Structures are given as structure tokens and as C-alpha cells.
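Undergrad: Chains as they are written, first to last, in the working numbering: chain H, 1 to 470; chain L, 1 to 235; chain P, 1 to 102.
Simulated from the structure, these hints should not be mistaken for lab results.
In this text, all values refer to a predicted model and were calculated from it rather than measured experimentally.
One or more of the hints may lead you astray.
To be verified - Quick list of simulated restraints, FRET-style, between CB atoms:
| id | chain 1 | residue 1 | chain 2 | residue 2 | range |
| --- | --- | --- | --- | --- | --- |
| 1 | L | V103 | H | E184 | 56 to 62 Å |
| 2 | H | K94 | P | G55 | 53 to 59 Å |
| 3 | L | T52 | P | E90 | 27 to 33 Å |
| 4 | H | T281 | P | A89 | 27 to 33 Å |
| 5 | L | L202 | P | L17 | 39 to 45 Å |
| 6 | P | E90 | L | Y128 | 46 to 52 Å |
| 7 | L | N105 | P | L17 | 24 to 30 Å |
| 8 | P | H3 | H | K94 | 34 to 40 Å |
Stated by the list, open to error - To spell it out: a stretch of chain L is covered by chain P in this simulated footprint if at least three of its residues, at any positions, have a beta carbon under 8 Å from a beta carbon of chain P; those stretches are:
| id | segment |
| --- | --- |
| 9 | 69-78 |
| 10 | 170-180 |
Here a beta-carbon is modelled for each residue, glycine too, at the ideal position from N, C-alpha and C.
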Amino acid sequence: MAILLPLAGVLVCFLWPRRAKPLGLVTALGVVVCVAGLGWQVVEQGAQRYAVGGWGAPLGIDLYADGLSLLMLMVTAVVGLGISVYSSGYFGRKTAAVFWPLWLFLWAALNALFLSADIFNLYVTLELLGLSAVALVALAGGADALTAAMRYLLVSLLGSLFYLLGVALLYHSFGSVDIVILAERVEPSPAVWAAVGLMSAGLLLKTAVFPLHFWLPPAHASAPAPVSAMLSALVVMASFYILLRLWLEIFPLNGAALGQLFGLLGAAAVLWGGIQALRQTRLKLLIAYSTVAQLGYLFLAFPLGTSFAWKGALYLLVSHALAKAAMFMAAGNILRFGGHDRIADLDRVAQRLPLTLTAFTLAGISSMGLPPSGGFTGKWMLLDAALYTGQWWWALTLILGGLLAAAYVFKVVGYAFTPAEVTHEASVVPARMEWTALLLALAAVLLGLFTPWPLALLDIGFPFGGGYAG
Amino acid sequence: MRAADHSWLSLASRWVLLLLLSALAVGLGYAVLCLSSQAPGLGERVAENIETSGVSNPVTAVLLNFRGYDTLLEMGVLLVALLGVWSLGSIPEQCESPPPGPVLNMLPRLLVPVLILVAGYLLWVGAYAPGGAFQAGSVLGAAGVLLLLAGWCPDVRLVGLPLRIVLAAGLGMFFTVGMVLILVGRQLLEYPPALAGTLILLIEAAATLSIGITLAALFLGGRPDKERLRRRFSH
Amino acid sequence: MSHVFLYALAGVGLFTLGLYALIVHTHLLRNILAINVMGSGVFLVLVALAGRTPGASPDPVPHAMVITGIVVAISATALALALMLRVRAETGRARLPEEQLE
């Protein structure tokens, strides 16, 4: 249901462009309700499997909802609602007519992706996601956005093709594209190794892990603000989610070597992203590099491997989604207000946009990993897992990353909080844009206070149980 | 032009790249060769279930019935691409080009009716021989491209809502059938065996139209601009 | 070696060839074409290996997958071409700026 509703919204918005905005908002609310309903069902009855067309795997396609997919869906729903409200204030009428169908397509693709249990179906959803994302980036017009969108498209297609070749090899080795069936049948063979390599490479490219991250900062920075929020918060979750699923279900035979490689790449991303973020002069680019760094943390969970580590990584992912969306929205507000996002000139903003600044600071707290935010909880769990398994060098990376994040957040906040003598002539920033940023940032912080419930959610369906208990 | 094209990679690094990629190719080739030489795949499952699927062509059965959900998403992909192309700008000066030469003048008149007939045939025959919505849609798209190349311009009344309805029809029909089936109490896209053939044909018909028009619209490369069309038709 | 594997190896070859072209060339049209070649390579692998069935008719599921894949590739190519034209219009060259490749 959660997939069909946004698709319905697309159709309606496409056919009635004049009314696109209210229709889009109504659809957004509807999707949140659907996800809540699904959540209720999963909590009551455990993980759900749904055979589309009544055939069931391996002939048909199955949809699967366990705690992990539910968590992804819920984060998408919350952030999606925030983005929808924000966008209703951001875009003018003409762009809005094209924006809403594209955005709803993106949301539909995300929901379809998180619910799918079929690796070829995942390919189709990945493509739907990628194309809508590229089209949304290009909405900003202008040379920067268009070249970034072009690069993003080529990268996205490349990653998908690698992934598809892996799917081809897996299907032809074992005769199915259903994840559960593949998990039963898989055994080491050159084809499987090749598939692992291909699919990982493709998905790493799409998640912008160092050194394949080069496409992300320009794309996220030059897109319109709500689109940047979508990309950094939600779209990057998608390829990571697929990698996670594959890793847990189909590739558990690899163990140490590949995991350490992922961890190394993640650590490099954390450090490189942090350093680059410090060097930026424009706010949106800083935030984009921060995304690269934060995504690196997620990959530290691969070498750590315990279920505690996974939950920590996912907690970080969720907090990041909320915080990053808030940050980009704040940046969008500042951009709308002053017409530029040069960090050095932010000092004129403080008095006029208090809500936005608070939002940015709160989001920054979560990104840095200060208590009591969601980011802190995630990092704490990862640290704990690192010390528990005796791999202390990852703990070092976590701490260093936190310091770098503190540095670049303070850089922005420092400039912003010093009041200047000369203020800009300001454009009006619609109230809803400020409030959504604030609320999302607040949610990121609150995640630190309400930890038991999301963690329990992740246990439904035992995706991390089995060979990874600990 | 050639030299400038490869300028960002020095000769040495290009050889390294070639070496690396050859290693990749050898590795992949080896992986492929290690696959067993006889593997039924899902062919047997398809053959077992094909009578209840409503069609006898196995590929159509897989596309429209067993894995119909993929096809639904795929119609979405087509629409997204079109939306993306439309969002990039209006049609470049297509409809205002000079009148076509003699070949292009005659060719559409001869070919387009034939193409439309072929498309209809492909759609119909897809149920029991190679063919189906995508094939028919491609032929229809080709007909559209031919018309556009010959300088035909769509009537301005057709360009707004009716165009969008046709474009959305493929996805819409899939969606509607799916919803109706859910309301009746079945799973999404679970066709009752008696009606399966008819439902598939219905969906395919809408999809063919959609695909054909989408392809032609993609060829145009931009959003049809009502104002400019109106001006062109006024003189 | 059965002819099925010959086709599959050709698919692998196309894939690698396309990848090389994608990395080496900087003109956007060539990049788009390279992606298409890679896609054709993957589709060839999918379809060729479907012919390993013991009976007379090949496995239809990879065929359906390839049809889906072709449609996706067409849509993506259309979007890419339109985007390329716009990049050309805005920047005057049909290439991605190299400084941003860091």
C-alpha cells in the first residue's frame, strides 16, 4: 500500500498540474498514515511477507517487511513529510507542477525498494530512484546543477549496471532472484565471488564511499534545497540498505577480508570528508562533504560485525537522515534569505532567522555525536562494539571523525552567531520552511532520549540474528 | 579532437587501465565459464503455471503476470524519464522547421498506417507468440518519430490534458487493475484465472499507447509549449 | 565450448569495453554510448545463459528481465541525452568540467 499511494499521487499530480501542491501534500500525509499502519501490523504480527500477484517466489515477486525495512520506511515517511511541507513553501507554481510528480515517484521508489525481497525488482526500483533523483537535481537549472546532474546520472547508471551484472550471475548460478531462496542455495563459487565484487562495487559507487564519492558533493550542493535534503538523507540510505541486505543474507561466507576493506574505505571517508568539509567556503558544499563523512561511519560496522554494531550503524543512519535533512533545509532558508551561502558572510543571518540557526545547531549536535542526540547513541554503540571485538583502531576513527565534525559545525555556528553591523536586505522566508527544519533537527536529538523502542524494532524478523549474534 | 578527448589520462595510466580491465574481463569470463552447462532456471516453473496465467507466450506471462510488478514499476520509469526531459525545457524549434524533402514527405503517408497496423497486430499476437506491449509500443513510437521528423505538429487542443492522460494510461491502467483486485479481496495484481487473459490484454493495450506516445515525446526532447503551438497554428 | 558460453563471453567483453570507453572518454555523447554498450553486454549475458535449459525452449524469465532492462535503458538514455543538450547549451561544451573530478 505504501508503494501504491505515492504512485497514485504521481498520476493525479501529473494530470492536474495546477493543483499539484495540495494534492502532493495530501498524498504525503496519506503515505505517513500507510506506513504507520504497516508498522502497527509488523509490531503485532512479526515480519510480513507478501506475494505480489499471488504467485510467491521464485516465480513471482515477494515483498518483505521486517524491523529493518520498517525502520527505513518510517524514517523516509517522517523526513518525507518534512520535505513535503518544506517544498510547499519553496517552489514557485511552475516548478511545483513538475516537482511533485517527481518527488512522489522518488518516494514511491524508496518505499518499493525497502519492501522488496527480489534482487531484480531492487534493480528496477534503484533505476526509478536514480532517474527521479537526477531529474530533481536538474530542476535547479544553471550550469552547476546541470553538470552535477549529468555526472550523477552517469554514475548512477554505471552503478546499476554493475549491480545488474551481479544479479545476472547470481540468477544463472542458482535459478532465483528471491533473497530468501538465494540465501538457502548460495555456496562459494567463482560466479558468486564475481557477483559479490560487482554488486558491492556498484552499490559502493551509489553510496558515494571513498574513493568513489566524487559525484556527491556537486550534486547535493547545487540541487534545490529540498532536493539536497532528499538526496543526502534518503537516497543514500537506499543503496546502503541493499548492500546491507545482501551482506547479511547472501554473502555471509566472506567474513574478514571484505569487511576490513569496507571498514578501511569507511574510515577514509570519515577522515577525508571531514577535512574537505572544513575547507569549504560555501555552506551547502560543507554539508555535502559532511554527508560523505557520515556515510563513512556506516561502513565501520562491516568489520565489526556484531549485531550491536549493526544497530549502532543504523541508529547513526536514522539520526543522520533527520539531521542532514534539517541542515539542508536550514541552508535553503539561509540561501533564500540572503541570496548566497558563503559561510564567511553568515554573520548577518543570526538575528533574523533564529529558528533556522537553532535547527542547524541541533542538527550539528547530532552529527558531532554529542549527548543526548541520536548521533551520540549510534557512535556509542559502534565504539562499544569496536572495543568489544578488540578492533580499537576503528574506535580511533570514530573519535577523530567526531572531532572533525565538531570543527566544521563550529565553523558555521561561530560565524553565524556573531552579530554583524551591516545586515542584508532580506527576502522573506516562509514560516513553514523554518519550522520543518527545526522539527526535524529536534527529532534527531530526541532519538538520543528514546532509544529502546527503535532498537527493539530492529529485532523484528531477526535480520541480524543467526550468524551474527553478539 | 581525438587528442583532446583522451587528454585527462596520460598514456601510461591508460595502459594500466587497459591491464586492469583485461584482468576484470578475464575474471568475469572465468566466472561465467564455471557455471554449469545445463540449468533449467525457472523455465519449468513457468511451464507448470502457464495455463492459469491467461496467455500462452511464456515471456508475456512472466512480464505481465508472474512478474507484473516489475512491469508496473517500469512504466513508472518511462514516465519519470519523460517528466525529467520535460522539466529541462520546452521543445527546441522542432515544429517550425522548413517543409521536408520529397522522401520525408511521402514516407510517413505510406508507412505510418502500416506501422500502426503492425503495432496492433504485435499487441494482439503477444498472447501466444513473440510480441506484446513493449514491442508494439516501440513500433508505435517509431511511427510517431517518423511523423515528427516529417514536420507534423500536434494539434494544440491535444497537447494539454489529453496528452497527459494518454501518457499516464499505461501506469494508470496497471494501477487501477491492481487496486480493483485488492478491493475485491485478492492480492495485488493477482488475476483470477478466468479473467487473466482479458485483463492482460487490457493492460497491454493501455501500455502500448502509453509507451508509443512516451517514446515519441521523448524524441521531441522537451515540453510541448502551448503558447508557441497556438501561435504557429494561428498563421 | 557450447555456443551459449560464447555469447556470454561476448557479453562480458562488451561490458568491459564499455567500461573502458566510459572512463577514458570525456565527451558526454561517448559516455552515454559507452553506458549503452555496457548495458547491452549485461543483457547479452542474461539472455545467453538462459539458453542452457535441457529442453528446446529457453528460460523465459531472463528474457523478461532483459525487456525490462531495455526499457529502463531507453528511458535513462533519453534523459541523459536531453541533459547533455542542456549542459551544452549552458556551458558551451558537451563535456563534464574536469576540475570537479576530484
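Undergrad: If a hint holds in the structure, say so; if it doesn't, say that too.
TA: Hints versus structure:
As the Cβ distance of V103(L) to E184(H) is approximately 60 Å, the hint placing it in 56 to 62 Å holds. The beta-carbon spacing between K94(H) and G55(P), approximately 57 Å, falls within the hinted interval of 53 to 59 Å. With their beta carbons about 54 Å apart, T52(L) and E90(P) fall outside the hinted range of 27 to 33 Å. Between T281(H) and A89(P) the CB atoms are about 28 Å apart, so this pair conforms to the stated range of 27 to 33 Å.
A hinted range of 39 to 45 Å holds for the C-beta pair L202(L) and L17(P), which are about 42 Å apart. Take E90(P) and Y128(L): their Cβ atoms lie about 50 Å apart, and the range 46 to 52 Å holds. Under the hint 24 to 30 Å, the C-beta atoms of N105(L) and L17(P), about 41 Å apart, miss the expected range. Judged by the Cβ atoms, the range 34 to 40 Å given for H3(P) and K94(H) is violated: they are separated by roughly 55 Å.
Only residues whose C-beta sits within less than 8 Å of a C-beta in chain P count toward coverage, and the segment 69-78 of chain L has 5 of them, enough to reach three; the restraint holds. Against chain P, the segment 170-180 of chain L contributes 0 residues with a C-beta closer than 8 Å to a partner C-beta. That does not satisfy the three-residue criterion, and the hint is violated.
The earlier numbered hints that this structure contradicts are 3, 7, 8 and 10.
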